[in-house]
Amino acid sequence: MLSVQGINVFYGKGIHALKDLSLEVGQGEIVTLIGANGAGKSSTLNTISGLVRPRSGSVVFRDMDITKLPAHKIVEAGLCQVPEGRRIFANLTVQTNLELGAYLRKDKAAIARDMQRVYELFPRLAERKQQPAGTLSGGEQQMLAIGRALMSQPQLLMLDEPSMGLAPLLVKEIFRIVQEINRAGTTILLVEQNARMALSIAHRGYVLETGRVVMTDSASVLAEVDEVRKAYLGG
Amino acid sequence: MVEFFQQMINGISLGSIYALIALGYTMVYGIIRLINFAHGDIYMVGAFIGFFATTVLKLPFFPAFLMAMAGCAVLGMIIERIAYKPLRHAPTITLLITAIGVSFLLEYGMIWAMTPQPRAYPNLLPTYQFNFSGLIVSVQQLFILVVALVLMVLLHVLVQYTKAGKAMRAVSYDKEAAALMGINVDSVISYTFALGSALAGAAGLLVGVYYNRIDPLMGIMPGLKAFVAAVLGGIGIVPGAMVGGLLMGVAEALVSAFLSSTYRDAVAFAILIIILLIKPAGLLGKKTQEKV
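Residue numbers (the numbering used here), protein chains in the order written: chain F, 1 to 235; chain L, 1 to 292.
Hints are not guaranteed to be accurate.
[Unchecked claim] Pairs of lysine to any residue, SDA-like flavour, derived with a Cα cap of 25 Å:
(1) F:Lys19 <-> L:Glu176
(2) F:Lys13 <-> L:His89
(3) F:Lys13 <-> L:Lys286
(4) F:Lys230 <-> F:Met197
(5) F:Lys230 <-> F:Asn37
(6) F:Lys106 <-> F:Gln153
(7) F:Lys73 <-> F:Gln155
(8) L:Lys175 <-> F:Gln130
(9) F:Lys172 <-> F:Gly234
(10) L:Lys286 <-> F:Gln95
(11) L:Lys175 <-> F:Leu104
[Said to hold, decoys possible] For each label pair, taking beta carbons as the anchor points, the in silico distance ranges come out as:
(12) F:Glu127 <-> L:Val157: 41 to 51 Å
(13) L:Leu277 <-> F:Met64: 28 to 38 Å
(14) F:Lys19 <-> L:Lys286: 23 to 33 Å
(15) F:Ala231 <-> L:Ile273: 53 to 63 Å
(16) L:Ile278 <-> F:Ala110: 49 to 59 Å
(17) F:Leu233 <-> L:Ile278: 53 to 63 Å
(18) L:Val139 <-> F:Thr135: 30 to 40 Å
The hints are simulated quantities; they were obtained by calculation from the structure and are not laboratory data.
Built from N, CA and C at the ideal position, the CB exists for glycine as well.
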């Protein structure tokens, strides 16, 4: 479904953030990218989303070359990112945030139906419809960010550190919902520092180190590999 | 007492013109954090477009009015595309200096093209005056007030309730996140310039009608005052620009009537200094508290 081939990304003059990075995501999968801070996980997602331009390499999504497309066209193609730090529109209401998620859609009835679905998935958002999003708690903001992305009806949903800054119970809740979204037919590419949680729900994983893929396998195998256990799973 | 109310009326009609110009400042600031110093000059160009529409093309008020607005909208978009868009990732100071450059270009370009001679604006509106027991209100003043109000209400509805307005507010808050929603950030910025400039064009023609006199440097002082009005209300906040503009107009009218007209320009900058000292976020601005 998504095929990233040999991308190289540079920041400024010196920093080589992604080095010949390749990865594949198949229809219906949950694929996770794990790795330390600065390994290039977010850079990978931002390159796929069109926020960062690779110097070389290609990104192909459902047989369409999206490497040079602007970010808003990539959303149109069915690929949506929930960015790191949630990046909700804190000045706008919960409802307006969700409406903006559906910005490119014109099918009013279907939008209303999807909004209802998001509220069912996240009942706490339904209670806070008319509140400015900035007044939500961290967990609620993450739910809103995910809900907002779902409103664009993505074929592939990319999540960047959805567990960041959340209490363990909330992290579990968020991961359960990610699985639920996947079961409903959305392919997931998940970036996480919480490797244990990520590997527990993913089908396959890639391990990134300083901008390179150093290992890739099924999630259950990765969780047993010594290097991964030592480096990311705390022994 | 009659004198006081008379000055209030004069102040409000002047203030609604400041408000129209201030809206453009505040919208552009809201979306790309730029004080567009060329904005006052766009207003001047609007006055000239109105002048040519009525004298050369012999158009009546409303078609000329629409032409001034449309012409300025296009001018605003062109300026954004040529001067500001290439600097999207440059430091703010670069953008600011560019804006001053654009301002000079418009001022001296118009002097070159039109000569610096002031021109007399044709009378587009009836000069009839109502007299309410000593209180004099001209048709022109009422017209300015009504037109400004209608435009502000339209803008408010647009920004608050339409999809385009929501996209503007999203872009103003976080451009990358907006792009991730599928919003074309460049075109939102472009139409924000178009809207703000159209309002300035409207103000330009209204001032031409009100004062009967236009020249290529007429945009400097109202531009600065409208900027102060935008800061007074809270820069980046649309209702703030409206309130700030009206207050500025009233303050100016009252000061020139009851103190001395020598101070009518000084009052604007006194207000700027006071607001920056005691409430730098502006009257309607507030420090937003966000949970992280």
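Here is what the structure says about each hint:
Between Lys19 (chain F) and Glu176 (chain L) the CA atoms are separated by roughly 24 Å; this keeps the pair inside 25 Å, and the hint holds. For the hint pairing Lys13 (chain F) with His89 (chain L), the CA-to-CA distance comes to about 16 Å; that is within 25 Å, so the pair holds. For the hint linking Lys13 (chain F) to Lys286 (chain L), the alpha-carbon distance of about 39 Å lies beyond 25 Å, and the restraint is violated. Proximity of Lys230 (chain F) to Met197 (chain F) is assessed by CA-CA distance (about 15 Å); at most 25 Å being required, the pair is judged to hold.
Taking the CA atoms of Lys230 (chain F) and Asn37 (chain F), the gap is near 16 Å; set against the 25 Å cutoff, the hint holds. A hinted pair counts as satisfied when its Cα atoms are at most 25 Å apart, and Lys106 (chain F) with Gln153 (chain F) qualifies at roughly 12 Å. Restraint check for Lys73 (chain F) and Gln155 (chain F): satisfied, since their Cα atoms lie roughly 14 Å apart, inside the 25 Å limit. Restraint check for Lys175 (chain L) and Gln130 (chain F): satisfied, since their Cα atoms lie roughly 23 Å apart, inside the 25 Å limit.
For a cut-off of 25 Å, the pair hint linking Lys172 (chain F) to Gly234 (chain F) stands: about 19 Å separates their Cα positions. Taking the CA atoms of Lys286 (chain L) and Gln95 (chain F), the gap is near 22 Å; set against the 25 Å cutoff, the hint holds. Taking the CA atoms of Lys175 (chain L) and Leu104 (chain F), the gap is near 16 Å; set against the 25 Å cutoff, the hint holds. For Glu127 (chain F) paired with Val157 (chain L), a C-beta distance near 28 Å fails the hint of 41 to 51 Å.
In this structure the supplied range 28 to 38 Å is violated for Leu277 (chain L) paired with Met64 (chain F), their Cβ-Cβ distance being about 56 Å. Between Lys19 (chain F) and Lys286 (chain L) the beta carbons are some 46 Å apart, a value that contradicts the proposed interval 23 to 33 Å. Judged by the Cβ atoms, the range 53 to 63 Å given for Ala231 (chain F) and Ile273 (chain L) holds: they are separated by roughly 58 Å. In this structure the supplied range 49 to 59 Å holds for Ile278 (chain L) paired with Ala110 (chain F), their Cβ-Cβ distance being about 51 Å.
Between Leu233 (chain F) and Ile278 (chain L) the Cβ separation comes to about 56 Å, which falls inside the hinted range of 53 to 63 Å. Taken as a hint, the range 30 to 40 Å is violated for the pair Val139 (chain L) and Thr135 (chain F), whose Cβ atoms sit roughly 48 Å apart.
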